[in-house]
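Peer 1: Please construct the entire structure, taking both the sequences and the accompanying hints into account.
These protein sequences, in sequence, are chains A and B.
In terms of the working numbering, the first sequence has 121 at position 121, counting the first letter as 1, and numbering is strictly consecutive.
To get the working numbering, take the position in the second sequence, counting from 1, and add 1000.
Just so you know, the hints here were simulated from the structure itself, not pulled from any lab data.
Treat the hints with care, as some may be off.
[As the list claims (entries may be wrong)] 20 Å max Cα-Cα, derived DMTMM-like pairs, lysine to aspartate or glutamate: (1) B:K1010 x A:E72; (2) B:K1216 x B:E1181; (3) B:K1216 x B:E1243; (4) B:K1030 x A:E72; (5) B:K1216 x B:E1158; (6) B:K1030 x B:E1158.
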Amino acid sequence: MTFLLPHRRWLITFATTLLLWSVVMQLNHYLAPHGAYLFVGGLLVTFAALRLSLRIGLTATLLIGLAIDAVEPVPLVSSHALPGTHLVLFGVMHVVLFHIRTRFPREETVIGVVVALLANLGFFLGLSFVFVEFGRHPVPGAAWLRLFADLGWSQLFIVIIAPWFFALQERALELGQVDLAEENRRTF
Amino acid sequence: MPSKRFDQAKPFITLGIVVLAWMLLPVVVKSFLRVGFAELQSPIQATVSHARDLQEYWAERTHSKNDLITAGRELGHVYAGYEFQAQQTEALHNEIARLEQLLRLPSNPHYRFEPARVALRDFSGWWQQLVIRKGANFGIPVGAPVVYSGGVVGRVREVHAYTADVDLVTSPRTRLAATIENDSRPVSYQGGDNPPLAPARGIVEFVPPDIFASAKDPKRLVTSGLGGLFPPGLTIGYVTRLEASTDGLFKSGEVSLDPRLSELTEVTVLVPLNPE
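Peer 2: Here's what the structure looks like:
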C-alpha cells in the first residue's frame, strides 16, 4: 500500500483508461454482427495530456498503449520495430497535446471533447496507414470505406461519452486525494 | 531564451528518450511486457463472458416447462441423427485406415476436438479476431485450425494461459490454400473485404479460367488440405463472382462468407494429435 501512495496519480489514470477500454471492447463485441467498430484512442489520451503533469500523464498514456498493443495484432510480426504501434502513437499524441495545451482553456469540457475528437482522428488515420499500407491489405479501397464508417461511429460515440469520462477521471483522482489544481500547475 | 526553448522541447526530448529506450529494449523484455499486459486483461474478458453465459441461463430459465420439453425433444431427434452419422463416420475412418495400410499411403493428420466458448469478438476494419476461453491450460497450440458447424472459422494466432486469440477467415491477415468443390486444382483465398453494416466477404485468386461462378450459380470454396493445416473439404464460403485477372492466366473473384461468422458463441479448435 505504501508503494501505491506516491504512484496513485498515474495508477488511477491508467485504471480509468483501462476501464473505458474494457467497456468499449465489450460494446464492440455486440456491434460485431452489425459490421461496426468503435475506437476511442483519442479519448484515452486527452485527460492525461491536458490536465496532468508530463511525467504522470505520459506514464499513464504509455501504459494504456502497452495494454492495447498486448491484445491487438500488429503487422509484420517478425519485425521487432512494429510491436509497440499504439505505444508510440499514443506517446506522440500525448506529447503534442501537452506542448500546445497552454494555448486554450484546457479545463473546459467542450475543449476536451474537441481535442479528443481531433486526437482520435489522428490516431485513426495513423493506425489505418500502418495496418492498411504496411499490412498489405488485399483491398485497400474497401478497407478505407469500412474505416471511415467506423471513424464516424467512433467520433459520435466520443461526443456522447467524453463528458462522462472526464468527470469520472476527475472524481477518481479526487477520491485518490490528488490535487488536480496542483497537477495543472506542474510541467514535468 | 535558450532555457525557454529547452522547456518547450522537453516533452519531445522525453518522448524521444522513451521511444529510443523501447527500440533498444531486448525482445525478451518486450515479450514479457506483452504477455503481462495480455494476462492482465484476460480475466476481465473471461469474467464478462461468464457473466454473459449466466445472463443467458437465467433468461432461459424463464421459459415454460412445455417450451423446454419441446426443445429437448427436438434436440433428441437431432442427436439421434448425429449419433447415426457418428457411427457411419467411424466406419469410414476404419475403412480409410485399412486402405492406407493396404496401399502403404501416409495418414492424414488426426485431431483432438476442443470446443471453446467465444469470450470476445474484435472485428474492426484493421483486423478480425476472436478471443476464446481456452488457452495453454487446454493444450491449444499456436496455428491450430478453428472450425464451427458451417466450416472454417480461422486459425489460432496467439495462446495465453487461459485464453487464445483466433484470426478469423474474414481477417486480411488470413490466407488459405483452397479448391473449388469438385475440382482438385488449388486456388488462393484471402480475407479482408469487410464492408460497413454488411456481411464480410473474401477474395479468391488463381482460379483456373475454365471455372465459372456467379451469384445465381455460386461454387462452394473448400479447404484443399495443402500445407497440412486444415483438413481438406471444410467450407470456407461460396464464390459468387469471377472475372479474369490482369495477367489473363487466371481468374479472381469474390467469396461470400457465412453471416454466422460474426455471431459465433462457440467454436471448435482442432488440436493436431501428431504435430510435426
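Peer 1: Compare the structure with each hint and give your call.
Peer 2: Hints and how they fare:
| no. | hint | result |
| --- | --- | --- |
| 1 | B:K1010 x A:E72 | 31 Å, violated |
| 2 | B:K1216 x B:E1181 | 16 Å, holds |
| 3 | B:K1216 x B:E1243 | 15 Å, holds |
| 4 | B:K1030 x A:E72 | 15 Å, holds |
| 5 | B:K1216 x B:E1158 | 39 Å, violated |
| 6 | B:K1030 x B:E1158 | 15 Å, holds |
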